[in-house]
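Respectively, the protein sequence lines represent chains A and B.
Numbering of the first sequence is given in the working numbering, commencing with residue 0 and proceeding in unit increments.
Numbering of the second sequence is given in the working numbering, commencing with residue 0 and proceeding in unit increments.
Check before you lean on any hint, since a few could be wrong.
Note that identical chains are pooled: a pair holds if it fits in a single copy or bridges any two copies.
Computed list of lysine-lysine pairs in DSS-like fashion (alpha-carbon distance at most 30 angstroms, straight line) [unchecked claim]:
#: 1; residue 1: Lys65; residue 2: Lys50
#: 2; residue 1: Lys56; residue 2: Lys13
#: 3; residue 1: Lys13; residue 2: Lys50
#: 4; residue 1: Lys13; residue 2: Lys39
#: 5; residue 1: Lys39; residue 2: Lys50
Think of the hints as simulated: they come from the structure by calculation, not from any bench.
A quick note: this is a predicted structure, and the numbers were derived from the prediction, not measured.
There are 2 protein chains.
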Amino acid sequence: MHPERFRLKAQIIKAMAHPSRLMILDALSEQEMCVCDLQKIVGSDLSTVSKHLSVMKNAGLVQDRKVGLQVFYRLRVPCIMQFFGCVEEVIASRFVSDHFDDALQTCPR
Amino acid sequence: MHPERFRLKAQIIKAMAHPSRLMILDALSEQEMCVCDLQKIVGSDLSTVSKHLSVMKNAGLVQDRKVGLQVFYRLRVPCIMQFFGCVEEVIASRFVSDHFDDALQTCPR
DNA sequence: TGGCGAAATGGTAAAATAGCCAATAATTGA
DNA sequence: TCAATTATTGGCTATTTTACCATTTCGCCA
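Generate the whole structure from the sequences, applying the supplied hints.
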């Protein structure tokens with residue numbers, strides 16, 4: 000695969016790799032929301048939330064729509080939510096068997 | 000959802016959010032590989048590759064196994080590879096219709 | 001048309017990340 | 001047991017990211 004492709008993919012993944020941004024994506028998976036709604040959920044400064052949204056929009060994760068004074072954001076590609084299930088699987092597997100092989104060798108009860 | 004949960008998920012996602020690390024995951028999806036193999040693929044210093052692997056191991060993405068002098072790494076949770084398909088979808092959708100609504104309004108040819 | 005509210009942008013300081021080199025471990029084999 | 005090989009760790013610097021505050025922009029309506 001072309002190196003530039005990896006750079007592109009990393010950019011998109013990086014755009015989700017932040018607790019607040021995951022919180023935002025999670026909220027948007029339920030319904031479209033304005034920046035002010037999202038600010039209440041995330042709890043940081045409005046400008047901070049706006050910048051998070053800008054990064055995600057730039058990456059192609061979300062889409063916006065202006066209505067009067069407000070800007071409403073929504074998810075652009077639904078499949079990213081399925082992915083989070085896989086992330087849960089990673090978390091689960093960490094608890095189940097950290098260093099499984101090692102454990103078998105040193106603790107074979 | 001609990002804030003700590005978002006932090007955990009972000010840690011895992013962040014562990015993939017780098018071109019070299021994606022390159023590594025891609026290679027490991029084919030087969031188990033030692034650090035020296037991965038270094039040839041990635042092209043940076045061996046210590047750099049080792050640190051990338053350490054981050055991903057810590058996140059639960061990969062698992063290692065020592066054989067003599069070499070350490071072999073492999074994927075721990077296969078589902079992350081499916082996700083990359085979704086990332087491709089994001090990339091594709093960016094080319095198809097960036098700011099689709101705006102485009103309709105300002106450039107209706 | 002002046003002021004108000006929502007959002008974006010600029011500026012900046014603090015924190016996190018990345019990458020290289022050097023040094024250290026660990027293991028093999030001569 | 002010493003030298004060679006593979007990997008990890010420490011130290012350091014440069015870069016990137018984050019978050020806040022202040023400022024600006026944009027649209028609404030009194």
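Which numbered hints fail: Structure breaks no hint.
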